[in-house]
Structure formats: structure tokens, C-alpha cells
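Visitor: Sequence:
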Amino acid sequence: MSQGQCLCGAVKIATQQPVDKISVCHCEMCQRWNGGPSFTIDCHSDVSIDGEEFITRFASSEWAERAFCKQCGTHLFYHLHTPSSYYVSSTLFGETKSATLAMQIFVDSKPAYYNFVEKTPMLTEQDIISLMSK
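Residues in the sequence shown are numbered consecutively from 1, following UniProt numbering.
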């Protein structure tokens with residue numbers, strides 16, 4: 001089991017999922033929310049949360065919400081409602097220091113001022129829409 005926490009420690013998130021593969025989202029919403037791309041661990045629906053009373057959830061779309069610690073402001077996760085999937089901020093988990101980039105999505109929204117050297121699958125917005133409509 002891997003356990004992570006926000007900056008102040010008020011919120012703790014645990015998962016049985018491996019935390020060795022990080023996905024990067026370059027969509028405009030993630031960029032606005034994070035001040036850059038979003039680095040997450042796909043925990044599927046396998047999360048346990050301690051400190052729910054310190055979480056603010058924001059309905060960022062009809063199909064998902066974003067959550068942050070209302071005490072310290074740490075971005076916690078992106079939660080897709082159906083099927084329920086949690087994409088937890090990778091840096092909450094200390095073990096991710098040796099993780100690798102697994103995939104990049106919304107690469108067509110990525111600004112020109114940064115690039116990653118790792119070779120990963122790179123999916124456009126249309127690729128994601130096609131995958132979700134299957």
C-alpha cells in the first residue's frame with residue numbers, strides 16, 4: 001500500500017495501485033489549475049481518504065471534479081465520476097521519486113515553452129474522446 005499526504009498533512013490518501021507510472025495531462029484546465037501540466041497516478045477507484053473534512057471538491061465539468069486541501073491548498077486529485085477513477089497528484093506519494101512517465105494526454109493543448117525528453121504515448125484531445133466513447 002502507498003500512502004500520500006497534502007503539504008500540511010490534514011489529508012492522507014492511500015491506494016493499493018502501483019505508484020511507479022505517472023501520467024501527464026496538458027489540457028487547458030489542468031494547466032490553469034496547476035500552473036502547468038498535471039502529473040498523476042491512476043488509482044482507479046482504489047483510494048481511501050483520511051481527512052475528508054479538509055477537502056474542497058470543485059465540479060470542473062459534468063463528468064468530473066477536482067479536489068484540494070482547504071487548509072494548505074495542495075491539489076489532491078481529479079475524480080472522473082463514471083467509471084469512478086481517481087487521478088491522484090503524483091507528488092503526494094514519496095515513492096514516486098523513482099517513477100517514470102507512462103503517458104501524456106491532451107498533447108495538442110501543450111504550450112510550446114516546455115517539452116519532456118521521455119518517450120511516451122502522446123494522445124490528443126480527439127484520441128481521448130475516441131477512447132471514452134467506445
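Everything labelled a hint here was simulated from the structure, so no lab data went into it. Mixed in with the good hints, there may be bad ones.
Cut-off 27 angstroms, straight-line C-alpha distance, at most; resulting in silico cross-link-like pairs (DSS-like, lysine-lysine) [to be verified]: (1) 110 with 97; (2) 70 with 12; (3) 134 with 110; (4) 97 with 119; (5) 12 with 134; (6) 110 with 12; (7) 21 with 119; (8) 70 with 134; (9) 110 with 21.
Visitor: If a hint holds in the structure, say so; if it doesn't, say that too.
Guide: Checked hints:
1. Proposed proximity of residue 110 and residue 97 is supported: the alpha carbons are some 24 angstroms apart, at most 27 angstroms.
2. For a cut-off of 27 angstroms, the pair hint linking residue 70 to residue 12 stands: about 13 angstroms separates their Cα positions.
3. Of the pairs offered as hints, the one joining residue 134 and residue 110 holds, with about 25 angstroms between alpha carbons and a cut-off of 27 angstroms not exceeded.
4. The straight-line distance between the Cα atoms of residue 97 and residue 119 is roughly 18 angstroms, inside the 27 angstroms bound, and the hint therefore holds.
5. Simply put, residue 12 and residue 134 have alpha-carbon atoms about 34 angstroms apart, too far for the 27 angstroms limit, and the pair is violated.
6. A threshold of 27 angstroms between alpha carbons decides the hint, and for residue 110 with residue 12 the separation of about 30 angstroms lies outside it, so the pair is violated.
7. Using a Cα cut-off of 27 angstroms, the hinted pair residue 21 and residue 119 holds, with the two alpha carbons roughly 13 angstroms apart.
8. Proposed proximity of residue 70 and residue 134 is contradicted: the alpha carbons are some 36 angstroms apart, above 27 angstroms.
9. Between the alpha carbons of residue 110 and residue 21 the distance comes to roughly 20 angstroms, so the proposed pair stays at or under 27 angstroms and holds.
The structure does not agree with the numbered hints 5, 6 and 8 stated previously, though it agrees with the rest.
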